[in-house]
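For the protein sequence lines, the chains are A and B, in the order given.
Per this note's numbering, the first sequence starts with residue 1, numbered consecutively.
Per this note's numbering, the second sequence starts with residue 1, numbered consecutively.
No lab work stands behind these hints: they were computed from the structure.
Treat the numbers as computed from the prediction; the structure is a model and nothing was measured.
Heads up, none of these hints are tricks.
Put simply, identical chains are the same to the list, so a pair is met inside one copy or across any two.
Simulated crosslink set (EDC-like; lysine to aspartate or glutamate; CA at most 20 Å straight-line): (1) K136 / D97; (2) K236 / D168; (3) K136 / E174; (4) K236 / D167; (5) K192 / D112; (6) K236 / D193; (7) K236 / D151; (8) K136 / E182.
Protein chains: 2
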Amino acid sequence: MYKTALLMSGLVALFLSACQTLGTPSITGDTPTTSTQPIVILIHGGAGSARAGGMPEEDEMAYKAALSDALNEGYQILEQGGSSLDAVQAAILLLEDNPLFNAGRGSVLSSDGTVSMDASIMNGADLDAGAIAGVKTIRHPILAARAVMQDSPHVMLSGQGAQVFADDIGLQVENPDWFITEPRREQLQRVKDRQNNLKISSKQASDYFGTVGAVALDRHGNLAAATSTGGMTNKKWDRIGDSPIIGAGTYADNNSCAVSATGWGEYFIRATVARDICARVQWTGADVQTAGDQEIFEIVELGGQGGVLVIDTAGNYAFSFSTAVMFRGARTEIGEEVAIFKEHGNKEHDN
Amino acid sequence: MYKTALLMSGLVALFLSACQTLGTPSITGDTPTTSTQPIVILIHGGAGSARAGGMPEEDEMAYKAALSDALNEGYQILEQGGSSLDAVQAAILLLEDNPLFNAGRGSVLSSDGTVSMDASIMNGADLDAGAIAGVKTIRHPILAARAVMQDSPHVMLSGQGAQVFADDIGLQVENPDWFITEPRREQLQRVKDRQNNLKISSKQASDYFGTVGAVALDRHGNLAAATSTGGMTNKKWDRIGDSPIIGAGTYADNNSCAVSATGWGEYFIRATVARDICARVQWTGADVQTAGDQEIFEIVELGGQGGVLVIDTAGNYAFSFSTAVMFRGARTEIGEEVAIFKEHGNKEHDN
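Pulled out of the complex, with its shape left as it was, chain A reads as follows (with noise of 0.2 Å):
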């Protein structure tokens, strides 16, 4: 039933193809390296399906307002000849502490009314790698999943360890409460209230996916991928989705290509969405464009939503996902975009 959806790539109009190389920087002066190897980074806020009567303007300049906030911060180190890793830390910093985001402050609630945040992040230059999962008052689960990557000799740590590691080495946390906003009471709420009353069943999607996520390109050529999340409204039994599974929500490798996802966390998990893409991009020659929609298009079939950021070592980058709407932003030597709804400037794939 879902053959015939139609897979949106974003920003593709607005600089000509997002799947083509970015032309040659005119940086010149004191950029730490060479001039002709482009930077970029990509952020998302999220994706899922269009509010009934559609965003308010004011909610739409915030969103918009706030992804460029996000891509500059960023932008700023990879200009400054700063690393990948650190310009999608950067970016996600910003976005986790804005309450419009699912991440960080502003998660949204499990089902038991508290929140309990994932994050990963991925080096492309060595395949190193960190997340956390299940953490309830790290202020940046971020910096928890940086951590995990270079001060512990784990990839993943989880729950109350998690805490305690976080909390040896220093990082800040805050009262549970703090994480907690109105508006993700609210929607917690509706979200039992609906399940209750329609009998919806278990399996039933959720209608809207948060989750945050970065991926960037340096002036030393090395891609990096960072994704942060609150996870599924309403979820239950310490719930792992996506966006802390390396390989799934987040992958990263100069080889092949850069990736963070966001969508309903359970199908990226079963087709191991970011390594996927990276992996057609490695061995079937597609370029970043195709790999991602092709992969999109497994999730959609496989009966999942979502979209994806990919970036590749030439700065080739593409926007793939199923969703009405997909916050997202692009930062390169051109210029900087950043959307909300498929509408703006997108080119249509028949997959």
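Got chain A; can you put chain B on it based on the hints?
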């Protein structure tokens, strides 16, 4: 420094080639579907260094007997037309109850002296999957993973939440002490002493990677994979390894292959080993032995160690491992074989 490492494919001599298609089976009569569809089950019980002075003969016999029992348990299900999912589950149930192996009773101990078990299972027919991480009282973690797949909307549950889920559906639990054996207590002490005395880097490898796993092909042509483990001795902070990560320790897809891994989990997560092997089969045309060997070679290059079981829908199968020892076995319509050391009839690949 690992460039010269030789990758070992097990049982090759014994089956001419572990990688060739198994001949036409001669079973006739009341098998539920066509008799031309081969059935195969492979299992592993961990991999690692050979013990100095070799393994006492009685230990070797005990391991081999346990592997043989588990193979037969799974194979009987396949012979009767049962599913590959049920076959891999049945094999793992026996290994989880056997204190020789690092899964279920006899799991290695975490830094705090408790067990913390992970498991996952995947159905190649529809990519459905289930996993649990960090459970402490569920007698059979593999049954919890199966229940997550079939009886929850999620793919992965963790910690206390996973325990609550298991309790809700009535899975058998045991007192935490039931899982702990004296040899594992001594092993934890040895690891702690060694790390304290020698100031071994926290990134230093374990010398032995437990974990049990199985992959199977049934008469309906469906693949399945499952993995269960107590993780890494002396682990901290609720570390999650590769075993419960779909795409890292476990993967099954009828379009390519099924894989169960055992090894230094952090490396297996970073390389998404299980899915990568299947992606190589699917997109590079590699046979299962080549795909497994290539992937294990990459793990060694990264600094890791371990091994995998791989099987495709034609019944081609392979063991690839970089360690001196891999407890392993195969049962086909031709016969059964179990092996431990690399010397037992292995071909060596000079990748």
